[in-house]
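Asks: From just these sequences and the hints, can you work out the full model?
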Amino acid sequence: MMRYRVALLVAGVALLAAASSAYAQNGSSGASQAALEFVGTPSVRYVKVVNDEGRLFYSLAAVVRLSVPIEPGATGFPVAPELSTGDEIGSVFGGDPAGAIGVRSKNCYSVELQRPRPVATPSEGARWRLGVSQGDTVRDTVGVTLKTVRDAGDWQQQAARRLGCDAVGERVQVGVDRLVVNERPNEVYLGRLEEGQSMEVRKLSASGKYAYGFAYGNANKVGWVRTSGLGATSAGDGDSLRLDGDPFMGGLDGGKVAVGVTLSGPAESQGVEIDGRDAEVRRIGPESGGFFQATVDRGRMESGGMYRVDMRFCDGSDCVDFDARVYLRESYSGRPEQVEDPPRLPGVPPPSPGP
4 MMRYRVALLV AGVALLAAAS SAYAQNGSSG ASQAALEFVG TPSVRYVKVV
54 NDEGRLFYSL AAVVRLSVPI EPGATGFPVA PELSTGDEIG SVFGGDPAGA
104 IGVRSKNCYS VELQRPRPVA TPSEGARWRL GVSQGDTVRD TVGVTLKTVR
154 DAGDWQQQAA RRLGCDAVGE RVQVGVDRLV VNERPNEVYL GRLEEGQSME
204 VRKLSASGKY AYGFAYGNAN KVGWVRTSGL GATSAGDGDS LRLDGDPFMG
254 GLDGGKVAVG VTLSGPAESQ GVEIDGRDAE VRRIGPESGG FFQATVDRGR
304 MESGGMYRVD MRFCDGSDCV DFDARVYLRE SYSGRPEQVE DPPRLPGVPP
354 PSPGP
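Quick note on the numbering used here: the sequence shown kicks off at 4 and runs consecutively.
In case anyone wonders, no lab produced these hints; they're calculated from the structure. On a predicted model such as this, the values are computed, not experimentally measured, just so you know. Any given hint could be a false lead.
[What the hints assert, rightly or not] Just the calculated beta-carbon pair ranges, DEER-fashion:
(1) PRO121 to MET309: 44 to 54 Å
(2) GLU203 to GLU56: 46 to 56 Å
(3) LYS150 to VAL122: 12 to 22 Å
Glycine included, C-beta positions come from ideal geometry on N, C-alpha and C.
Replies: Right, dumping it as C-alpha cells:
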C-alpha cells in the first residue's frame, strides 16, 4: 500500500493521542512565567531521504519533554555539533512544527529538527547539541546522541515512555465518540466508553498501542483499550479526522471477510489491506458520513484468529492511519456500534493482564 513515510520520523504515533496545540489548553501566560527547559534527555533519530529529483538529504527528528507547554509554530528545535544557550539562529534546513505526544500535562512533543546552515551531516553515534528556541534565540540546550531509524514507530513510543510522557498511573479522558474495552487487546468484548468518560491507566502493552486499566463510566471494569482513543482533543483540533472506536471484522456469506470502520467525518479511502491483501472499499450511507466497509476473500482466515488490518483515510490533507491486528468474528453484523455485547467464544481463557 502506498504510504507517505517521509514524515515517518515525526508521524503522530501516538502513545496517547494528544493535540498539537497543548499550549492553547494550558494558557500562554503560564508558559511565559516559567523557564523553557528540557526535562530529561531527548531521543534523536535520523534517516536518509531521496526527493523526487533523486537528491539525497537527511531528516532528523526527536522526542522531547519540556518544562512548560509551547506554541508549536513559534518554537524551534535546532540541532548541531555545537550549540549554546543564547545563540542566535539564522538560516536553517528542515524543521516542522512540533506535535504533542503522550499526556498533555507532560509537555512532550515529537518534532522534526532544524539544522543551522552551514548544514552538518549526521552520523551514527555522533554527539551533538539539541536546542529549543523562541524567535531566533536558543533558550536551552542538551547533549544528544544521534542514531539511525530502525523502526519508524517503536522508537518514538519507547522514547516517550522513557521520558515519562505516557499515562501510566493517571486517569485519562476518552477523546473519541466511542472506545471499545476488551479483556485482551482487540479480543473479547467487555463494553465501551463514551467521549468524556475516563480510564485509570495501569500499564501499556509492549507496543504502546494498548492501555490496560480501570474503565470508568459505561464499562465500569478493568480491560484493554487502544491508546489512540485516550486523551481529549484540543478545542483548536476538534474537527480533525479520527477513528470513532476500533474497526470491526467478521465473516460474510460467499467466502468473504469484511472490516467496518467508522470515522469522525467524511473522508476518502487511500487503501485498505486485510491480512496482507488489498481490500475492496465502499462507503456505507451518505457521503457526509464516515462509515466504510472493506472486503476480501476469506482465504485461510479463520474465525477467532487475529489478522492484520492496515488502512488509511484522508479528508484533504487531514489523514488517519490504522495498522494493527483485529479479531475475526464468525459473522459480520454491520456498524461496530451495533455490536453491544457479543457472546463469549467457547474455550476463551479468563481475563489476562495481556502483553
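Asks: Compare the structure with each hint and give your call.
Replies: These are the hints, each one checked on the structure:
1. PRO121 to MET309: 44 to 54 Å: holds, 51 Å
2. GLU203 to GLU56: 46 to 56 Å: holds, 51 Å
3. LYS150 to VAL122: 12 to 22 Å: holds, 19 Å
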